[in-house]
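Student: Please model the complete structure; the sequences and the hints are all you need to start from.
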Amino acid sequence: MVALVLFLIGAIVAATADGFGSLLVGRSLQGVGGGGLIALTEILVTELVPLRQRGQWFGIISAMWIVGSVIGPIVGGAFAQAVSWRWIFWINLPFVGLALVLVPLTLVLAFKVSSLADKLRRVDWIGSVLFIGSTTSFLIPITWGGCVIRVGLMAGSGPTDQYVAQEPLIRLDVFKNRTAAASYFETTLHGMILWCILYYMPLYYEAVKGETPVIAGISLFPATFTVAPAAMVTGIVISRTGRYRWAIWSGWVLTTLGTGILYLLDVNTTTVQWVFLNLVSGLGMGVLFPSMAFSIQAATTNKDLAFAVALFSFFHAFGQAIGVAVGGVIFQNQLKKKLLTYPLLASMAGAHSSDASSLVQIIKTMQHGPARTQLIQSYADSLKLVWIVMYALAAVALLSSFLIKGFELDRALETEQGFRIEQTTVDEEK
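Residues -17 to -1, 1 to 413 in mature numbering (1 follows the signal peptide of the UniProt record, and there is no 0) are what the sequence shown spells out, letter by letter.
One should not assume that every hint holds.
[Said to hold, decoys possible] EDC-like mimics (lysine to aspartate or glutamate), calculated; alpha carbons at most 16 Å apart, straight line:
(1) K347 x E194
(2) K320 x D338
(3) K192 x D249
(4) K320 x D364
(5) K367 x D249
(6) K192 x D364
(7) K319 x D338
(8) K286 x E30
In case anyone wonders, no lab produced these hints; they're calculated from the structure.
Tutor: Structure, rendered in structure tokens:
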């Protein structure tokens, strides 16, 4: 409920923002609330569903997540074109309001009874501050295209979590398992690749193919609408077979192949061609969603399970942030290099290469001629390097996937929580 309220407040603040500062505050609140919702959704499944049966639920969650990721840009683009960008935030209100009503009615759990003071004492405040500070200090320089990396705070959070906190934010024992460590690494790469595609592919459609924001969002369907069914089918198959490594291996093979063939996207690529070029990576990404979640949970002990699942959500979101930032740095540097080779564009190389999305509008307003043609070609060529890097990351993930062991999924559910009705029935039987 707290996460929902924070997300709601953030949406209202962003929708009514009269400047960049207030918009940033609203988006930050939405990020905190949204991050809590993602992590808690997965933690709830691990607390309420036996390990082997979780596949279908994680498949459904992944499908809902990707459907929202697909529809969001289309709706946002339509609002920006037809109404106002503020409606991108106002549209959240009815959905959050519905959730605020349904959650208390449907999620009736038997919580451990303790005072608010006891609950607050269990929070790892020092570790949280150090971890948030270190993560922020790492991400900001990357988004600026720099190379400054802050590791002191993150290094300090480790001993604090291990020796000071009553219930540490990060349990280092989780990383001692080879399968879990490899899965977290791959989860980060999965987030990087997925969001790099979701962010830069629409820019290809707009800048290179000349499509509107709405049509560019629709053009993502071959890459995105394959993710949801692939995730659901994979989750069901894993639940029935009790095996997950095949899904991780096949998912990374498809993702590596899919990102590699994106290099073929060019100015003259036909619609039929780019549709089929995008299908493969979408299937691979979908297969990986539930299978990576399984590998982490199967390799983790029951006492560390909630922490392990929360870290899974963190590393995936962390990869998403890094993916867009790294992709931006690669694109900017490559575009500047390309523009300097054209005499008509060399003088504007620095300005044009500073922002990939802003350049889209510049291209659309330019008159047809050699300069515009060269700029579009440079844009397409620069994106090729982004796809090459994503291909390399997918290949690294594929190699690391062979470090993952196969664990038994038929493990009894051990939880301190459960639906109140279920626990009442058990007590009556006793």
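Student: Is the hinted pair K192 and D249 satisfied, with a Cα-Cα distance of at most 16 Å?
Tutor: Given pair K192, D249 holds - Cα atoms ~9 Å apart, limit 16 Å.
Student: Holds or violated: K347 with E194, Cα cutoff 16 Å?
Tutor: Since the Cα atoms of K347 and E194 sit roughly 10 Å apart, the hinted pair holds (cutoff 16 Å).
Student: Quick one, are K286 and E30 close enough, alpha carbons at most 16 Å?
Tutor: The given pair, whose Cα atoms are some 11 Å apart, holds under the 16 Å limit.
Student: Is the straight-line distance between the alpha-carbon of K320 and that of D338 16 Å or less?
Tutor: 14 Å, holds
Student: Does K367 pair with D249 here, judged by a C-alpha cut-off of 16 Å?
Tutor: 8 Å, holds
Student: Straight-line Cα separation of K319 and D338 no greater than 16 Å?
Tutor: Holds, because 11 Å separates the two Cα atoms, which is no more than 16 Å.
Student: Do the alpha carbons of K320 and D364 lie within 16 Å of each other, as the hint requires?
Tutor: 11 Å, holds
Student: Does the alpha-carbon distance linking K192 and D364 stay inside the 16 Å limit?
Tutor: 13 Å, holds
Violated hints: none; the structure is consistent with every hint.
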